[in-house]
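Asker: Here's the letter readout for the chains.
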Amino acid sequence: MIPLSWYLILSAALFCIGLFGVLARKNAIIILLGVELMLNAVNVNLVAFWRYGDISLMAGQVFAIIVFAVAAAEVAVGLALVISVYRRRNTIIANEIDLLKW
Amino acid sequence: MNEWLYIGLFFIVGLIIPVGAIGMAWMMGPKKSNPIKMTTYECGIETVGDSWVQFKAQYYIFALVFLVFDVETVFLFPWAVRLGQQGLFAVLEGIVFISILIAGLVYTWRKGMLEWA
Amino acid sequence: MNFWNDPLKIAADWLVSILTGWGMPAVAAGVLVAFLGTLLFISLLMVLDIFLVWLERKVVARFQDRLGPNRVGPFGLIQPFADIIKLMIKEDTTPAGADRVVYNIAPMLSMMSVLILWAIVPLAPVIFGVDLNVGLLYIVAAGAISTLSIIMAGWSSNNKFATIGAFRQVAVMVSFEIPMVAMLLIPTIFARTMGMNGIVQAQNIWYVILSPLGALIFLIAAIAELGRAPFDMAEGESELVSGYNIEYSGMKFGMFYAGELLHALTFGGFLAILFFGGYRFFGLEKVSPFLAVIILLGKALIGYWVIMWVKYTMMRIRIDHMLAFNWKFLTPLSFVLLMVTALMNALLRETSGWLYPISMFLSNVLVAWIALEIARSHSRRERAKVTGVKAVEVAPH
Amino acid sequence: MTASQIIFLLVAIVTLGSALMVVASRNLVHAALWLVSTLFGVAIIYALLNAGFLAVVQVVVYIGAIATLFIFAVMLTRRDQLEGGVQLNSGWWLGALIAVLTFGGLFGMFQSWSGFSKTATDIPSGFDAVGQLGSALTSPVGFVLPFEVASVLLLAALVGAVYIAFNRK
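First to last, the protein sequences are chains A, B, C and D.
First residue of the first sequence? That's 1 in this note's numbering, and the numbers climb one at a time after it.
First residue of the second sequence? That's 103 in this note's numbering, and the numbers climb one at a time after it.
First residue of the third sequence? That's 220 in this note's numbering, and the numbers climb one at a time after it.
First residue of the fourth sequence? That's 617 in this note's numbering, and the numbers climb one at a time after it.
If you are wondering where the hints come from, they were derived from the structure by calculation, not from laboratory data.
Errors might be hidden in some of the hints.
Claimed, not checked - Some residues of chain D that are not near chain B, with every Cβ distance over 12 Å (derived):
{"hint": "1", "residue": "Leu632"}
{"hint": "2", "residue": "Gly633"}
{"hint": "3", "residue": "Phe656"}
{"hint": "4", "residue": "Ile660"}
Said to hold, decoys possible - List time: in silico SDA-like cross-link candidates among lysine to any residue, alpha-carbon distance up to 25 Å:
{"hint": "5", "chain 1": "C", "residue 1": "Lys309", "chain 2": "B", "residue 2": "Val121"}
{"hint": "6", "chain 1": "A", "residue 1": "Lys26", "chain 2": "D", "residue 2": "Gly711"}
{"hint": "7", "chain 1": "B", "residue 1": "Lys139", "chain 2": "C", "residue 2": "Lys604"}
{"hint": "8", "chain 1": "B", "residue 1": "Lys158", "chain 2": "C", "residue 2": "Ser461"}
{"hint": "9", "chain 1": "B", "residue 1": "Lys133", "chain 2": "C", "residue 2": "Lys309"}
{"hint": "10", "chain 1": "B", "residue 1": "Lys139", "chain 2": "C", "residue 2": "Phe475"}
{"hint": "11", "chain 1": "A", "residue 1": "Lys26", "chain 2": "A", "residue 2": "Ile93"}
{"hint": "12", "chain 1": "B", "residue 1": "Lys134", "chain 2": "C", "residue 2": "Asn377"}
{"hint": "13", "chain 1": "A", "residue 1": "Lys26", "chain 2": "D", "residue 2": "Pro740"}
{"hint": "14", "chain 1": "C", "residue 1": "Lys547", "chain 2": "D", "residue 2": "Ile780"}
{"hint": "15", "chain 1": "B", "residue 1": "Lys139", "chain 2": "C", "residue 2": "Gly316"}
{"hint": "16", "chain 1": "C", "residue 1": "Lys305", "chain 2": "C", "residue 2": "Gly249"}
{"hint": "17", "chain 1": "B", "residue 1": "Lys139", "chain 2": "C", "residue 2": "Lys547"}
{"hint": "18", "chain 1": "C", "residue 1": "Lys309", "chain 2": "B", "residue 2": "Thr142"}
{"hint": "19", "chain 1": "B", "residue 1": "Lys158", "chain 2": "D", "residue 2": "Val775"}
{"hint": "20", "chain 1": "B", "residue 1": "Lys134", "chain 2": "C", "residue 2": "Lys604"}
{"hint": "21", "chain 1": "A", "residue 1": "Lys26", "chain 2": "D", "residue 2": "Trp708"}
{"hint": "22", "chain 1": "C", "residue 1": "Lys547", "chain 2": "B", "residue 2": "Arg212"}
{"hint": "23", "chain 1": "C", "residue 1": "Lys604", "chain 2": "B", "residue 2": "Tyr108"}
{"hint": "24", "chain 1": "B", "residue 1": "Lys139", "chain 2": "C", "residue 2": "Ile324"}
{"hint": "25", "chain 1": "B", "residue 1": "Lys139", "chain 2": "C", "residue 2": "Met307"}
{"hint": "26", "chain 1": "C", "residue 1": "Lys228", "chain 2": "B", "residue 2": "Arg212"}
{"hint": "27", "chain 1": "B", "residue 1": "Lys158", "chain 2": "C", "residue 2": "Met307"}
C-beta atoms are modelled at their ideal positions from N, C-alpha and C, and glycine is treated no differently.
For reference, chain A alone in the conformation it holds in the complex:
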């Protein structure tokens, strides 16, 4: 059988890759993709803890489904923001979206 540690390490690695994408990339759409990776990493953890704990308690799975809804909402609004900015300023580079800097 697979020990719990493997899932936790996988999820930590996935989370960190997503974190790197969010912090280092300029492109706003890639930043959103990075956030998706991080949310998935969280979900892997939730499901792993459901499986390795008491499986009759469904909180882990319910939480994971709520995370799906949150991810969907985040993508919907995030991409809408990107499109809105693109239409006004003709760029999707996060660094150039600096109207509120001052």
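Following the hints, position chains B, C and D against chain A.
Answerer: Frame of chain A, contents of chains B, C and D only:
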């Protein structure tokens, strides 16, 4: 786990068959490529510009409404499986749930976002 | 228990016993036998698919008052094999500027998304790949892969028509997926399970009687999901020169084409399983599993014939009408139907005799009638708008 | 090493490799397709964890809807925005450092925890995860409030996205 193993086998075999067919066709077919033959087909005239044309924003709206309803149905499947046991309470709960999302559809509709123009 | 009652299990046990007799570990033997069984099943499906090519051409010919293939072999039965040989020896092309990897993966994914659907189809009480307890969502998931393959094909071809065609097709597919999924919920409510076999077992009354409107909406949404006429953006020869698969030729095109035909048969099968009792037919399925398979395939072919009938009778709908029809009519209607069904089911579940089916049937008819009245008054208003506008005459008097 | 461990390792390598390609690709459509590959890997992980419902939902929601939405959004922008030029921002090394440190910190934290290498108990036969989930979501003592709040959240997202992106005034 066992039943997912079968699903995995179906995925693998389902890929092997088309890969095999395309691979065989690739081996048996002639290979006489030339630049004119490989040009993009555009009804007989030379292609102009990029294939990355500007798309309508409506595509995004439809995908957006689809996304919201798709996530909603994911909640509704477990609800439907256990509908018999919980009686009227669960039914009303589901009706409230669906109604809230129908409100979103109506909002999009009233904003004129479901028009293709 | 003998071979004629449970052929799959007996055959599998026999093979496993032979393999373990050769000194193979039991687990490996089990996996190998499952793999071979899957390979055999999918090969049979591909043979069926070849037969479907012939069937489709014969039926369309009859609809159009022609004879169809009739030169090669009896009734032209060898024709599809000639087609395959032609596809095999055609040149394998990749258009200039295409994304080579994505371009080549797309037709494979398209075919795979259809083949994997058969993993959960219960062909008989004891003959099925897997009785997945999330079977209905699995159908939707396979549809997601099919959508993805179309996007990949259209985008990677580096062709404006292919890209536009793919995006239109995908917009239609995702839109009609919503009513389809809502209609998948209705058998789930009745059967209290998402497993396909459980749904068939629970159908003492065919669900088409409990929910005729549901079956109709499912059929419409399935046709759109398949991308067949009247929702066939992919075949829009006049405006899109055939859509996302324009740059494909040879076997790669063959994969899209064969996938489409098998997909149509598969959805005929799903219609049969979800609403027309699957392999059950007045207790005949209990006689022999082989008879059950024949019953299910017969029902699936009838469903396939209906899909063809619609395809060769209706004209293509314009994309804006298609999407408006879905979002402004079909989606609200299917969710209203879902709510009504859930409510009626909770209220009347315990009642005995014919009250339950009759009231379910009548509530469906009522919902359909109200929806049609609303649609009718709407179209009256639309027509009134157009009658005021005079066409510009070519030759004014 | 058992068969399930080998499957896990293969899937994990594919998942993490695709995840790296997501953050490394220059082409946005490729990034979205690599995301699909990553998410499919995560779906297999769910199947390995006996969470079949979530595995299917992962494919339905992420590959069917979210990836499609991403690709549509990418196609709404122009290609000249997407290729060429420097892809990483000036502080990228800081981002990399933070990511590595986070991984190290998490790993260290895990190792000091006693339940780290716990193994799973077998699923009792006849355990109906989907039914249990349905009960949890619909019973009055379960998660009714999150169930309804999710719908309000989705409504808010839909209204917000439509308003932000396409306010025609």
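Asker: Identify every previously stated hint that the structure contradicts and give their numbers, smallest first.
Answerer: Going through the list in order, the structure violates hints 3, 4, 7, 13, 16, 17, 20, 23, 26, 27 and respects the others.
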